Amino acid sequence: MMMRSGFTLPEALAGLLVSGILMTALTATIVTQARLANVVAHTADATEATWITAALLSDELRMAHVAADRAASSPDSLAIRAFRGMAIVCDTADGRATARWTGTRSPEPDKDSLLHEERALAFSLSAMSVDCAVLPGEKRVVFEADTTVRPGDVLLLFERGAYHLTDRALRWRVGAAGRQPLTAEIFVDAHTGFDAAQPAQWVDLASAPHPWARGQGTVPLRTTLRSLNGGSAP
Amino acid sequence: MSRPGSVLIVVLLGLLVIEALIAGSLAVATSEVTSYGVRQRQLQSRLSSESAVRAVLADWPAHRPDTLASGSRVRALTSAPDSSPAEIEALGPGRFIVRGFADTAAAARPLAAVLVNTLVRDSVRALLGAALRSDGVTIVGAGATIDGTQGAVAPAREDCPPETALPGLMAPPGIEVLIGPSASVLGAPPIGVVATSGSGATLEILGALADHAVTGVASPRPGAANGECAVADPANWGDPDGTTPECSDHLPLIYAPGDLHIAGGSGQGTLLVMGELRMDGAVHFQGVILARSLSLGPASIRGAVRTFGPDTARIDGRVEYSGCDVERALGAPALARPFRSPRWWLPVR
Chain A
1 MMMRSGFTLP
11 EALAGLLVSG
21 ILMTALTATI
31 VTQARLANVV
41 AHTADATEAT
51 WITAALLSDE
61 LRMAHVAADR
71 AASSPDSLAI
81 RAFRGMAIVC
91 DTADGRATAR
101 WTGTRSPEPD
111 KDSLLHEERA
121 LAFSLSAMSV
131 DCAVLPGEKR
141 VVFEADTTVR
151 PGDVLLLFER
161 GAYHLTDRAL
171 RWRVGAAGRQ
181 PLTAEIFVDA
191 HTGFDAAQPA
201 QWVDLASAPH
211 PWARGQGTVP
221 LRTTLRSLNG
231 GSAP
Chain B
1 MSRPGSVLIV
11 VLLGLLVIEA
21 LIAGSLAVAT
31 SEVTSYGVRQ
41 RQLQSRLSSE
51 SAVRAVLADW
61 PAHRPDTLAS
71 GSRVRALTSA
81 PDSSPAEIEA
91 LGPGRFIVRG
101 FADTAAAARP
111 LAAVLVNTLV
121 RDSVRALLGA
131 ALRSDGVTIV
141 GAGATIDGTQ
151 GAVAPAREDC
161 PPETALPGLM
171 APPGIEVLIG
181 PSASVLGAPP
191 IGVVATSGSG
201 ATLEILGALA
211 DHAVTGVASP
221 RPGAANGECA
231 VADPANWGDP
241 DGTTPECSDH
251 LPLIYAPGDL
261 HIAGGSGQGT
271 LLVMGELRMD
281 GAVHFQGVIL
291 ARSLSLGPAS
301 IRGAVRTFGP
311 DTARIDGRVE
321 YSGCDVERAL
331 GAPALARPFR
341 SPRWWLPVR
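Chains as they are written, first to last, in our numbering: chain A, 1 to 234; chain B, 1 to 349.
Derived CB-CB ranges, DEER-like:
1) V194/B with G95/A: 34 to 42 angstroms
2) R64/B with G95/A: 32 to 40 angstroms
3) D82/B with T224/A: 24 to 32 angstroms
4) G95/A with G264/B: 54 to 62 angstroms
5) S248/B with A72/A: 53 to 61 angstroms
6) G143/B with E117/A: 46 to 54 angstroms
7) K139/A with A126/B: 37 to 45 angstroms
8) G207/B with E117/A: 16 to 24 angstroms
9) E117/A with D66/B: 20 to 28 angstroms
For the record, the hints were derived by calculation from the structure and aren't laboratory data.
As the structure is a computational prediction, the values presented were derived from the model and not from experiment.
Each residue gets a CB set at the ideal place from its N, CA and C atoms; glycine is no exception.
Go ahead and model the full structure; you've got the sequences and the hints to work with.
Here you go:
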């Protein structure tokens with residue numbers, strides 16, 4: 001009888017068994033890793049959203065005057081005058097004030113107002129300018145405002161708006177415009193919001209855990225809303 | 001014997017997938033750690049900039065901001081160890097911006113800034129201008145002396161301005177001035193006329209800057225302990241008489257929100273009384289007195305007195321103008337303190 005090379009039935013069965021075990025382990029590993037990656041990504045999103053919300057609210061309110069700049073708050077909203085920069089007037093002529101500007105963005109007459117000695121003023125921008133030496137980070141801006149300002153005056157630029165903690169995200173709303181989300185929709189509305197004090201003294205932020213992250217509860221963070229300029233507590 | 005098979009390839013592929021997943025997780029973790037580090041550095045930069053500003057404010061008179069011309073800037077050196085850099089910019093008389101930086105680079109942007117106001121001393125000088133300047137009816141009692149000539153003042157120190165004769169008494173036009181027998185009103189001219197001027201803002205600032213607030217009855221006297229003037233004692237108004245040398249340069253700013261009765265004692269500096277100031281007995285004061293109304297018994301005042309209310313000012317003692325004592329009082333540390341506006345911290349980011 002002639003000998004033939006090849007698998008015997010037991011070898012084939014053993015091979016199939018080993019392959020099955022390896023494939024099962026491999027599939028389980030891939031699924032677990034995929035879930036883990038998903039949870040990690042979700043946690044990163046939650047951390048980022050919490051950080052952005054805490055940093056943004058703290059930063060916006062840090063230079064505010066509690067009594068003058070913060071309107072009444074509700075558990076899910078906080079209306080404020082948000083300051084976008086300041087200008088130091090260096091020259092005035094013909095109703096125009098040339099100023100050294102520094103801030104988070106350029107002035108926008110359509111939505112910003114100027115604060116001059118506690119009076120809010122509408123303004124427009126003019127291209128005409130006189131010489132005015134600026135410092136690093138500053139730029140020259142010419143305002144046409146309905147007041148007479150003097151060289152050396154400090155003008156603060158602000159926009160009115162409200163931060164909302166609704167629909168699982170931090171949102172910013174200017175006037176009657178829609179609420180623009182600033183973070184991922186990841187908060188638990190029931191455990192997220194401003195405190196009941198007037199003005200609000202802190203905000204609770206709670207992000208939902210990933211559904212696959214068994215055993216994890218919400219991750220709470222309480223951030224104090226401190227204003228360096230005072231006005232009243234906090 | 002060589003046999004074909006696929007187990008090794010499958011295992012290697014599996015390992016590749018696992019490594020890719022691990023690498024992905026590591027990338028996320030690394031990104032998070034980096035992001036956290038950036039956030040920490042941002043927070044530290046902001047806080048160190050704010051600390052630099054606070055360090056400048058804590059040592060404000062030492063930076064001599066009054067010597068800065070409008071529009072000029074100076075780097076402010078603080079005594080705080082490892083303090084971040086800061087600078088002072090003069091915006092105009094009595095207005096400054098203090099900026100704090102996170103690093104010393106020339107192009108660095110400030111991360112904190114404070115708008116600082118200080119008392120403009122000329123606004124106080126503008127309230128004076130005579131030995132006694134009164135807004136209401138003035139009664140100079142028998143034997144009293146009001147002297148604007150500075151002739152009786154002790155020799156001026158080196159830091160004193162040139163001594164020139166001023167009016168002894170100034171009052172608004174039409175306001176009655178009654179001078180008793182043997183009373184003496186001296187000056188150039190003895191009695192001048194001046195319009196009433198607004199003083200509310202300056203007085204409000206002075207009240208806010210005061211070293212001590214007093215009410216009721218006071219009997220000031222100098223006091224020292226362990227060889228140092230007890231400046232924290234609200235009854236210690238400095239030593240104009242040389243009995244307690246430790247307090248010869250203590251020139252406090254004293255604020256009385258209501259009426260004040262001084263029943264003897266001595267002091268120097270600036271005294272602001274928002275009600276009636278009554279001085280009885282042997283009171284000796286050198287410096288500036290600002291009061292809504294005044295009843296001066298046999299007391300002696302060297303410097304300048306101003307009453308800013310419509311009530312009667314009655315003088316039965318001695319008031320001598322001394323520009324030197326006025327300037328000493330106005331040069332006191334309390335009057336150089338920065339005070340906060342409603343928007344003390346400015347939005348710079």
